[in-house]
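Engineer: For the sequence shown, my numbering gives the first residue as 1, with consecutive numbering after it.
Keep in mind that the hints were calculated from the coordinates and are not lab data.
All of these numbers come straight from a predicted model, not from anything done at the bench.
Careful, some of the hints might be misleading.
[Said to hold, decoys possible] Pairs of lysine-lysine residues, derived as DSBU-like cross-links and limited to a Cα-Cα distance of at most 30 Å, are as follows: (1) LYS123 <-> LYS45; (2) LYS383 <-> LYS423; (3) LYS314 <-> LYS260; (4) LYS366 <-> LYS355; (5) LYS183 <-> LYS118; (6) LYS144 <-> LYS183; (7) LYS300 <-> LYS358; (8) LYS366 <-> LYS445; (9) LYS123 <-> LYS176; (10) LYS26 <-> LYS381; (11) LYS260 <-> LYS151; (12) LYS141 <-> LYS224; (13) LYS355 <-> LYS25; (14) LYS300 <-> LYS160; (15) LYS177 <-> LYS144; (16) LYS13 <-> LYS260; (17) LYS251 <-> LYS102; (18) LYS27 <-> LYS366; (19) LYS177 <-> LYS160; (20) LYS399 <-> LYS421; (21) LYS13 <-> LYS26; (22) LYS305 <-> LYS251; (23) LYS260 <-> LYS300; (24) LYS382 <-> LYS224; (25) LYS228 <-> LYS382; (26) LYS382 <-> LYS336; (27) LYS336 <-> LYS358; (28) LYS386 <-> LYS399; (29) LYS123 <-> LYS102.
[To be verified] Restraint ranges, calculated between C-beta atoms of paired labels, are given here: (30) LYS270 <-> SER230: 47 to 55 Å; (31) PHE271 <-> LEU12: 14 to 22 Å; (32) GLY164 <-> LEU101: 15 to 23 Å; (33) PRO401 <-> LYS421: 18 to 26 Å; (34) GLN264 <-> ASP33: 25 to 33 Å; (35) GLU447 <-> PRO257: 46 to 54 Å; (36) LYS25 <-> LEU328: 26 to 34 Å; (37) SER330 <-> GLY164: 45 to 53 Å; (38) LEU267 <-> GLU348: 49 to 57 Å; (39) LYS128 <-> GLU409: 45 to 53 Å; (40) GLU339 <-> LYS386: 26 to 34 Å.
Backbone N, C-alpha and C define an ideal beta-carbon position, used for all residues, glycine too.
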Amino acid sequence: MDSIKNIPQEVLKELSELQMFLLDKKKLDYIIDNFIEEMNEGLSKEGANIVYIPHCIKKINIIKPMLPTWIIGYPQGNEHGTYLTLDIGGTNIRLCKSKELKQSNSDEFFGFIAHQLKEFLKKHKIEKDIQLGFTFSYPCKQDKINHGILKNWTKEFNVKNVEGHDVVELLVKAIKKENILVKVAVLTNDTAGTLIASNYVDSETKIGVIYGTGSNASYMEQVKYIPKISHMNLPPHLPIVINCEWGAFDKEKRVLPRTKYDIQLDLESKFPGEQTFEKMISGFYLGEIMRQILLDLSRKNLFFKGQCIEAIEKPYSFQTPYLSLIELDSHENLIKIYELFKTQFHIECTISERKIIKEITKLISKRSAYLSACGIAAICKKKNIKECSVGTDGSIINKYPGFREHVCEALRCIFGPNGDKIKLVHAQDGSGVGAAIIAAITIKKQESNNFVFT
Numbered sequence: 001m002d003s004i005k006n007i008p009q010e011v012l013k014e015l016s017e018l019q020m021f022l023l024d025k026k027k028l029d030y031i032i033d034n035f036i037e038e039m040n041e042g043l044s045k046e047g048a049n050i051v052y053i054p055h056c057i058k059k060i061n062i063i064k065p066m067l068p069t070w071i072i073g074y075p076q077g078n079e080h081g082t083y084l085t086l087d088i089g090g091t092n093i094r095l096c097k098s099k100e101l102k103q104s105n106s107d108e109f110f111g112f113i114a115h116q117l118k119e120f121l122k123k124h125k126i127e128k129d130i131q132l133g134f135t136f137s138y139p140c141k142q143d144k145i146n147h148g149i150l151k152n153w154t155k156e157f158n159v160k161n162v163e164g165h166d167v168v169e170l171l172v173k174a175i176k177k178e179n180i181l182v183k184v185a186v187l188t189n190d191t192a193g194t195l196i197a198s199n200y201v202d203s204e205t206k207i208g209v210i211y212g213t214g215s216n217a218s219y220m221e222q223v224k225y226i227p228k229i230s231h232m233n234l235p236p237h238l239p240i241v242i243n244c245e246w247g248a249f250d251k252e253k254r255v256l257p258r259t260k261y262d263i264q265l266d267l268e269s270k271f272p273g274e275q276t277f278e279k280m281i282s283g284f285y286l287g288e289i290m291r292q293i294l295l296d297l298s299r300k301n302l303f304f305k306g307q308c309i310e311a312i313e314k315p316y317s318f319q320t321p322y323l324s325l326i327e328l329d330s331h332e333n334l335i336k337i338y339e340l341f342k343t344q345f346h347i348e349c350t351i352s353e354r355k356i357i358k359e360i361t362k363l364i365s366k367r368s369a370y371l372s373a374c375g376i377a378a379i380c381k382k383k384n385i386k387e388c389s390v391g392t393d394g395s396i397i398n399k400y401p402g403f404r405e406h407v408c409e410a411l412r413c414i415f416g417p418n419g420d421k422i423k424l425v426h427a428q429d430g431s432g433v434g435a436a437i438i439a440a441i442t443i444k445k446q447e448s449n450n451f452v453f454t
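Go ahead and model the full structure; you've got the sequences and the hints to work with.
Structural biologist: Next comes the structure, spelled out in structure tokens:
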């Protein structure tokens with residue numbers, strides 16, 4: 001904010017809270033150390049946690065992050081075949097159906113998906129049996145590769161009668177009702193798909209990361225470092241892809257530098273107390289963080305004085321793409337920002353407000369990039385990875401101006417010049433292509449009676 005002249009003292013005082021958005025190396029290292037600690041705990045055990053929920057304290061069974069996916073090993077490069085892939089994620093499902101689907105029930109949700117599959121097969125004249133790779137980007141406990149119990153919805157999805165149930169079984173039931181010849185070969189998530197798809201074209205890829213509506217990562221771990229599955233007596237060096245579910249990092253709220261705006265966002269979300277990390281870094285929430293800040297400033301009569309702020313009082317009305325537009329406004333008088341607020345919120349911003357809004361936007365996006373870099377760094381440090389490619393996909397990493405550069409900047413801050421040895425590589429449709437490759441790997445292993453969990 002120092003670059004903006006003549007900011008009123010009362011505004012500066014209020015904006016001092018935003019200093020918490022700035023992360024130095026000491027803070028990054030502290031977050032990384034705790035990240036590794038939680039990773040090791042997640043690999044070691046599952047169980048119950050005491051969870052705070054407003055107005056009550058209750059004990060709930062939660063699945064620790066670090067979920068084995070039962071994807072065994074990297075692709076060999078000779079996988080082949082024709083496969084159908086289905087990708088259900090925070091962005092994809094929004095594109096194919098209105099928001100009501102996100103709040104529907106199991107029968108409606110999977111019935112819609114199965115009907116879309118039927119229409120796709122009909123359109124492309126596919127009449128023979130076909131294997132399906134099912135990408136489902138929500139935390140599932142898997143004990144085999146074509147089975148998964150949904151632990152909980154994230155990204156504000158809340159489809160009833162799905163949590164605690166096998167999502168593959170629900171999909172298969174819906175497919176049978178549509179009478180189509182589709183067999184679900186594998187269940188995976190978008191990060192695992194991105195990891196496998198990226199490794200298929202670049203064998204140096206060791207991590208897959210999604211920066212989109214939600215955020216998450218996957219990497220390969222040896223069985224001997226996963227104590228919670230030791231009872232299965234698997235070969236100790238067997239490699240299994242781990243779904244980190246890093247959005248759940250710092251559930252106890254003791255590590256991450258949460259501001260009052262983060263806390264308010266969490267309290268007003270559909271699942272208070274859940275997905276702490278994700279609510280600070282993912283595309284679904286970045287615009288809402290900005291809205292919370294602007295709402296606070298305007299209610300204190302420090303911003304938008306004398307104007308109606310009703311439009312900005314609506315939750316999630318400030319969409320993350322607006323942040324991109326703000327950062328890209330290079331006009332001297334920031335006319336694009338003025339037009340955005342005028343058209344979307346019926347608010348006329350002063351030039352001083354526009355400048356402050358742009359600086360706040362930069363803080364929000366940079367914090368997101370730096371925090372997510374901590375997750376990458378934690379995996380690298382845990383696995384003693386000095387140099388690798390990181391397969392990345394998602395709307396934020398692909399489209400948000402400067403985001404990729406900020407992640408790389410954070411890695412240099414953490415590792416020094418060696419941070420440049422950790423390269424972010426774009427995975428084109430990683431989740432979809434990855435699901436097909438995973439299906440091919442699995443079927444190949446089945447045919448050779450190799451290790452496969454189905």
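Engineer: Are the hints correct? Go through all of them and say.
Structural biologist: Against the structure, the hints come out as follows:
Between LYS123 and LYS45, the direct Cα distance comes to roughly 46 Å. Violation of the 30 Å bound is thereby established for this hinted pair. Among the hinted pairs, LYS383 with LYS423 is consistent with the structure: their alpha-carbon atoms are about 16 Å apart, no more than 30 Å. Using a Cα cut-off of 30 Å, the hinted pair LYS314 and LYS260 holds, with the two alpha carbons roughly 18 Å apart. This hinted pair checks out: LYS366 and LYS355 have alpha carbons roughly 17 Å apart, not beyond 30 Å.
For the suggested pair LYS183 and LYS118, the alpha carbons sit about 13 Å apart, so the restraint of at most 30 Å is met. The hinted pair formed by LYS144 and LYS183 meets the criterion: a straight-line CA distance of about 15 Å does not exceed 30 Å. Note on LYS300 and LYS358: the hinted pairing holds, with a Cα-Cα distance of about 20 Å set against a maximum of 30 Å. At roughly 43 Å between alpha-carbon atoms, LYS366 and LYS445 are farther apart than 30 Å, so this suggested pair is violated.
Distance restraint check for LYS123 and LYS176: the Cα-Cα separation of roughly 19 Å lies within the 30 Å cut-off, and the hinted pair is therefore satisfied. Our distance criterion of 30 Å between C-alpha atoms is met by LYS26 and LYS381, whose separation comes to about 16 Å. Straight-line distance between C-alpha atoms of LYS260 and LYS151 comes to about 28 Å, which keeps the hinted pair within the 30 Å bound. Distance hint between LYS141 and LYS224 is fulfilled; the C-alpha atoms sit about 19 Å from each other, no more than 30 Å.
For the hint pairing LYS355 with LYS25, the CA-to-CA distance comes to about 27 Å; that is within 30 Å, so the pair holds. A hinted pair counts as satisfied when its Cα atoms are at most 30 Å apart, and LYS300 with LYS160 does not qualify at roughly 39 Å. Simply put, LYS177 and LYS144 have alpha-carbon atoms about 24 Å apart, close enough for the 30 Å limit, and the pair holds. The straight-line distance between the Cα atoms of LYS13 and LYS260 is roughly 14 Å, inside the 30 Å bound, and the hint therefore holds.
The suggested pairing of LYS251 with LYS102 holds, with an alpha-carbon distance near 24 Å, which does not exceed 30 Å. Restraint check for LYS27 and LYS366: the C-alpha separation of about 14 Å stays at or below 30 Å, so the hint holds. At roughly 20 Å between alpha-carbon atoms, LYS177 and LYS160 fall within 30 Å of each other, so this suggested pair holds. Restraint check: the Cα-Cα separation between LYS399 and LYS421 comes to about 23 Å, which is no more than 30 Å; the hinted pair holds.
About 25 Å separates the Cα atoms of LYS13 and LYS26, which keeps this hinted pair within 30 Å; it holds. Between LYS305 and LYS251 the CA atoms are separated by roughly 38 Å; this puts the pair beyond 30 Å, and the hint is violated. Restraint check for LYS260 and LYS300: satisfied, since their Cα atoms lie roughly 15 Å apart, inside the 30 Å limit. Distance check on the hinted pair: LYS382 and LYS224 sit about 14 Å apart at the alpha-carbon level, within 30 Å; holds.
A threshold of 30 Å between alpha carbons decides the hint, and for LYS228 with LYS382 the separation of about 17 Å falls inside it, so the pair holds. Using a Cα cut-off of 30 Å, the hinted pair LYS382 and LYS336 is violated, with the two alpha carbons roughly 44 Å apart. The straight-line distance between the Cα atoms of LYS336 and LYS358 is roughly 11 Å, inside the 30 Å bound, and the hint therefore holds. Between LYS386 and LYS399 the CA atoms are separated by roughly 28 Å; this keeps the pair inside 30 Å, and the hint holds.
A distance of roughly 26 Å separates the Cα atoms of LYS123 and LYS102; the hinted pair therefore holds under the 30 Å criterion. Our hint of 47 to 55 Å for LYS270 and SER230 is violated, since their Cβ atoms are close to 36 Å apart. Between PHE271 and LEU12 the Cβ separation comes to about 35 Å, which falls outside the hinted range of 14 to 22 Å. Roughly 20 Å separates the CB atoms of GLY164 and LEU101, a value that falls within the hinted 15 to 23 Å.
Checked against the hint of 18 to 26 Å, the C-beta distance between PRO401 and LYS421 comes to roughly 25 Å, which is consistent with it. Distance hint check for GLN264 and ASP33: the Cβ-Cβ separation is about 28 Å, which falls inside the suggested range of 25 to 33 Å. Taking the beta carbon of each, GLU447 and PRO257 are about 51 Å apart, inside 46 to 54 Å as hinted. As the Cβ distance of LYS25 to LEU328 is approximately 29 Å, the hint placing it in 26 to 34 Å holds.
A C-beta distance of roughly 50 Å is found between SER330 and GLY164, which places it inside the suggested range of 45 to 53 Å. The hint said 49 to 57 Å for the Cβ distance between LEU267 and GLU348, and at roughly 30 Å that hint is violated. A hinted range of 45 to 53 Å holds for the C-beta pair LYS128 and GLU409, which are about 50 Å apart. The given range of 26 to 34 Å is broken by GLU339 and LYS386, whose C-beta atoms sit roughly 47 Å from each other.
In summary, the numbered hints that this structure violates are 1, 8, 14, 22, 26, 30, 31, 38, 40.
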